[in-house]
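Peer 1: For reference, the chains in residue letters:
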Amino acid sequence: MKTIIEPHKIKMVEPIKLTTREEREGLIETAKFNPFLLRAEDVIIDLLTDSGTSAMSSEAWAAMMRGDESYAGARSWYRFRDAVKDIFGFEQVIPTHQGRAAEHILFGVMVLPGHIVPNNTHFDTTRANIEFNGGEALDLPCAEAEDLDSDFPFKGNMDTAALEKVVAENGPEQIPLIMVTVTNNSGGGQPVSMANIREISRIARSAGIPFYIDACRFAENAHFIKRREPGYENTATIDIAREIFSYADGCTMSAKKDAFANIGGFLCTNDAELAHRERNILILTEGFPTYGGLAGRDLDAIAVGLREVLDEHYLDYRLLSTRYVVNHLLDAGIPVVAPAGGHAVYLDARRFLPHIEPLQYPGQSLAVELYIEAGIRGVEIGTVMFGLDPHTGEEHPARLELLRLAIPRRVYTQSHMDYVLEAIGLVWERRREVRGMRIAKAPKFLRHFTAEFERV
Amino acid sequence: MTNQAWAEPYKIKMVELIKMTSREDRLKAIREAGYNTFLLRSEDVYIDLLTDSGVGAMSDRQWSGIMMGDEAYAGSRNFYHLRDTVEEYYSYSYTVPCHQGRGAENILSQLLISDGDYVPGNMYFTTTRLHQELAGATFVDAIIDEAHDAESEHPFKGNFDFDKLDALVSEVGAEHIPYVCMATCVNMAGGQPISLENLKQLRAWCDKHDVMLVHDMTRVAENAHFIQRREEGYKDKTIREIVYEICALTDAATMSSKKDAMVNIGGFLAMNDAKFYEKACGLVVVYEGLHTYGGMAGRDMEALAIGITESVQDDHIHARVGQVQYLGRKLRDSGIPVVNPIGGHAVFLNASKMLPHIPQEHFPAQALAAALYVESGVRSMERGIVSAGRDKVTGENHKPKLELVRLTIPRRVYTQAHMDVTAGAVQEAMERRNEIKGLRFTYEPEVLRFFQARFEQID
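Those protein sequences? They're chains A and B, same order as listed.
By the working numbering, the letter at position 47 of the first sequence is numbered 47, and the numbering carries on one by one without gaps.
By the working numbering, the letter at position 161 of the second sequence is numbered 161, and the numbering carries on one by one without gaps.
Extracted from the complex, chain B is given alone in its bound form (with noise of 0.2 Å):
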């Protein structure tokens, strides 16, 4: 087989019917729902690439899973699988579950930050910033400068710049900095893998001045394939021993098991320190649930606790990753704008490049999600300057560099027909770009405002 050959190891087991609609249905659609891909109902959409988050498809060994839920309040066998999985796997010594990646990102914040902190992060991610924010840190992008360069080739976007660590340091000192927030595959760079050799430096680094090191572990399988395939020295390691080897480089998580572990709902956050667990235990029966549920069904533990052991094998990683690259290629290949190198969850299109006749502060790339809606049915999402929100000083704009649409695969749901498809509709939406406009606010919610913005064309 070659490299490039992608074949799915599963087969289908239960389908989900969609609907087709026409163009008329859909111009009407996003008008109502004020041109923001968030808005749309999903019986209006054909194919939906606008997460990856809690919409892979389990497999039939995690639905029988579902159908061993201990549903006790406390002690559930289910929590003790999932705890002894995500040791066995990822390292690490202790637990908490939480109804989401974002329970286990509230907790963390809320532990670890004092007012006037600074967290320094490879890039920064929506919600993790803003619970950074809120408990009173300042977030301080410490990735390396081709990150933040859409056409760069480099294989490691998701590297730390440690050069910019070590400003941080001598600007705030290190007391001030309760942690360093490491993402793997980093999402708003593009799914850009970190390479162990960086990682390994940084390590080194927050042992030198005694930081914490906390780990985004959402997509860490995907990242693990990257260093299979570029890094020197990890072409004979499986995927398991590398996701373990990175994990175990780290001293505690936040996982939205939504990603690599693909269940509906879940997460969790885990370390190595006992007291740091006692702390959490407290914090999380206020905010999520006992310590041995943490807000999640018993059957959705158990779920995670099998897809977990089924995200890092290889040739599941193999067909993921290779479905994206598919993808990608395919854009790449008839001339439209995408990030490079190819990520392992999703497609970028460079909206800028794409639609240069639309000024940043116009939203070319809120605008060109809906362009594609409209075209195709397919829903994607605005990863550009509405994501990036406002200054929490100042109030200006945050004007980011990739200026982005989200192609954001599911796991194990579509098929190599509908990426087809997708492409058709980006090629069609390219074609016709010059008839698509800026678009302006009407509603601006004020956190995390990509999530319920409503807009209007600028004619």
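Chain A extracted, bound-state conformation (with noise of 0.2 Å):
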């Protein structure tokens, strides 16, 4: 059989209000033009993140049920530890409220004032995350992740030669760990191959810096290496992820992605003296270490979500199912990032909107523009959201100016994203229309989340 079914049928739905273009006009205008400031209601497909927004399934929802709300050692904590241990390895688990919290525990005790933090990306929070700390957060992607168009199977990977001289330029002093991010979601939601993940550890290990995997999207990571990488076809997914994590010796973990849950995360390490200093933070910030923050029931949620996600099938349906959109928008000559990564599909503003100076957020446009036409609800991965050194007050243009339309997990059907291709290619078709924006209010941290716009 060609036809691509998601393996699980609708146990229970969620209705969707319909808007008017016209109502859709008035409403992001009082949203300032910042789709993140539009109520959910007034939204019909909702494409701004994967995060926290999938279906859990009959199962996740039965462990909820079975949640143990005891603040102190609760069976949920053991399930979700376990649960975690099986695939991650390591031997310090410490639950967090989400993945930010997670973020900022570690950094909080490894990262100080003029350190370096290299990554193949960062995304928002961690970035914000270590700028916060007074470190910089320094983006090392491949050669390959530049060309849009470039039918590279990992265009997620590091550049190692970059990072060795890094390495060897200011030494493990300087730089308190090395990330890599499975999938490199400001890049375009691309795999990182095992080849890449093993180089980078040699690279780390040998210079004694620590070396930790921001985990959101591992299994979609490791099924990408699983049908792309020589040498993995036959090896099950989990084993994929178990040996990733292998070549680590920490990760954090946002568990609102690749474990189908609404909330919840959690950070690991091999180093029961740091994980010392982190439950130390955790008590203050987050909760006490056997919930750290969480409800019992979210705890159990997690554990099973974490065995779901590694179930071949449903990686099939939602890699293909994701591939789906990018090969329609390809064959319409809409230019978007290719291949197609796991959780997303990245329309590319720059080309989309050639007129727009960068300064003046084609992908804030975009975004914009596609919620008027069709009630879609995408986010700018650009200039808005990475354009701001926080630190000198100056803004350049971002390296990539992309729409990010984020696929929740189980949510939507085809039918959903027939509908999402119809409504960018009327986009496409008045794209000369379209103007700039500019950004009448914002804060100094995470602008993107609550900035103000006008059009200009």
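I should point out that these hints are in silico values taken from the structure, not numbers from a laboratory.
Glycine residues also receive a C-beta, built at the ideal position from the N, C-alpha and C atoms.
Hints are not guaranteed to be accurate.
[Stated by the list, open to error] Below, simulated DSSO-like cross-link-like pairs (lysine-lysine); rule was C-alpha separation at most 27 Å, straight line:
(1) B:Lys330 with A:Lys32
(2) B:Lys353 with B:Lys330
(3) A:Lys444 with B:Lys275
[What the hints assert, rightly or not] Restraint-style ranges between C-beta atoms, simulated for each label pair:
(4) A:His355 with B:Ser64: 47 to 57 Å
(5) A:Glu14 with B:Arg229: 36 to 46 Å
(6) B:Met20 with A:Asp311: 49 to 59 Å
[As the list claims (entries may be wrong)] Covered stretches of chain A (in silico footprint by chain B; criterion: 3 or more residues with CB under 8 Å from a CB of chain B, positions within the stretch not fixed):
(7) 414-421
(8) 436-447
Could you use the hints to bring the two separately framed chains together as a complex?
Peer 2: What follows is the structure, given as structure tokens:
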């Protein structure tokens, strides 16, 4: 059979409210042209993020009902810890209310002002947390990542030659840890190869620098390796995942992505002394070490989700359904990051709207137009998100100017995706009428969440 | 119906099974836990009175709210429901959700405190004080002296002592006091309320000195119950009206909704000042999550909004506090020394009186909590010298006058029979008290040591 079907059927639905184009024009203006400030009920297809927005299974809901809400030593904690250890393999597991809290704690204990943290590409909260601690978040994407049309299979790779150079020039004193994000979200949801992970690990270990994985979409990355990297065709995806983590010293995880959870995250390490210091911060900002700011039921839902996400039928469906959208866009000649990543479709706003200056935020303009056209909510990943240096206050065009349409797991059907494709096509036809934006008001850190815009 | 009757205004819709253990099992478990009840596995506990935080039973309405979660990352309808409910019931115009109370305290402390400031409050609370200290402030206790006397029958032991506040102003100047932290139903004093009369005076004092008044409101509804019962002029007011009146006298609030509002997770920071709100939105996104979810799942915001409306019902609070009073009176009548008057959320055993043979530096309350677990499988919490920690400058142990064990009653979870078992267990521990030995640290964490500390018995 060529047809890809979902390896699940629908057990519970949530009605969608439909709006008219006129209504949406008013609504986006009220939201100051920032999709983050729209009310969710005014959105028809919500592709703002795949984080925390997935559909849990009946098994996960059943596990929620078993949640042990005891403050200390709950059964839910032990089930969660065992599920994490089984896949990730690290000695120390620290639950947090979500991924950014894990990052906050990790960088809080490891990063000092003047430190450099290399990554293939840092994501927004990761970068902000490093900068908040006075460090520099350094992106070292591979050369192929620059070419949005290249069909290189592992465009999420890190440029390991550049990494070696940075390590040689700065040494372990200035580099508290090296990270790699799987899949590489800011770079188009592109996977990192096992060979690349192995090489980063070798460089890190020979320099004595801890190597951490930002593991949000580890299962999607592991499955890309199975489908694309020679030698892994016959390895179970769960074993590929285990191998990935065997090369690292720790990880941060947002369970809101590849664990289908609506809330939750964790931090892992093999260093008991470090974990001890991390738990001291955890208790202050998150919660006691056996719940970390999560309800017992959420620990249980994550334990179930981690097992489900490594189902290979699910992962085939997941990767192919994202590719379905990307291939249709390519066929229509619409500029999009290729090949398809795992969790999202990335429109290339720079080529979609070449008449708009980078500092007039073409990605933001495209997000606004897509909402007006069809009630679809996406997120700019470009100069609004990454263009401002919070230390100097200077603004520069970001390396890539993208509109990300993130696909929540198991939530939308093919008909929803066909509707999205039609809407993008309609904006593409009238693209020359689209105007740029300027920022009316914005905070210093993570400005994209709450910035207010005006049309130029 | 008499004032003493407190039948639950609900029936049971879902149960959770509990495991019975033997004394030998428990002896082994407490040794493995380093004589710290925090380190026990919940499945080894029979009746869990460690805390009332996050362990309440939600109603069927709250569970339906859980199913109505809108998990959109931005602009979830549950957020708007929560925000509107906070304004309607608690008066505050702006709400910033946080994953729990300490998340709100973190943001509040970072935004309002400058290095070298002083924050007066009606007794310290563990995490609250640490957030204040980390932001550069010194906590100053301004509660009335009666609060430190376990025997005193003062009806409002949570009240402020204005001589202490005035002394602080003349010593450091009002400009070094960013806000006064006012807790309703003061936890460390034994769940003791503040009166509205005292709160009104505090409002006037804050206005006079141009100091903000921040409300630690986690048990505001229980405080309202005591005002209704004890303060002149309030017996015909509803709990809901009194709660609103309390909140409306303050400028901002931190809330751990895991207590009064009967949810398993969640909290918020609320305020009336638009500029303060804007700054809080900028910081919440770094630590907690976007300002329309703040690290809470949509479903949990919905359950919280519903829980707030249930928490201010007179029948609910009457039964809630009634159950705590029932246990407290039963213990007191059998000659167990407890903190008087009995508070709203917990019964506090006076460990220094129960175990006079153990000096405070051998942690009598910690030892009593461990012994109570061994005796009966009841899990309680130390609230004495271990919880008080060390002075941030001298490194010496704080030596609180109150050396207590807290039996905290989760909301709507346990029955009268469970309370009877608990009372029996305390009586048995009292009879065998001479066998209880003091403890010493084998591991002492630098901050909030009570959570993870380990001990051994002193022979």
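Peer 1: It remains to establish, for every hint, whether it holds in the given structure.
Peer 2: Outcome of the hint check:
Using a Cα cut-off of 27 Å, the hinted pair lysine 330 (chain B) and lysine 32 (chain A) is violated, with the two alpha carbons roughly 61 Å apart. With a C-alpha separation of about 18 Å, the suggested pair lysine 353 (chain B) and lysine 330 (chain B) falls inside the 27 Å cut-off, and the hint holds. With a C-alpha separation of about 15 Å, the suggested pair lysine 444 (chain A) and lysine 275 (chain B) falls inside the 27 Å cut-off, and the hint holds. Distance hint check for histidine 355 (chain A) and serine 64 (chain B): the Cβ-Cβ separation is about 51 Å, which falls inside the suggested range of 47 to 57 Å.
The hint said 36 to 46 Å for the Cβ distance between glutamate 14 (chain A) and arginine 229 (chain B), and at roughly 45 Å that hint holds. Between methionine 20 (chain B) and aspartate 311 (chain A) the beta carbon distance is about 39 Å. The supplied range of 49 to 59 Å is therefore violated. Interface restraint, the segment 414-421 of chain A with chain B: violated (0 residues with C-beta to C-beta distance below 8 Å; minimum three). Closer than 8 Å: that is the beta-carbon criterion, and the segment 436-447 of chain A has 4 residues meeting it against chain B, so the requirement of 3 holds.
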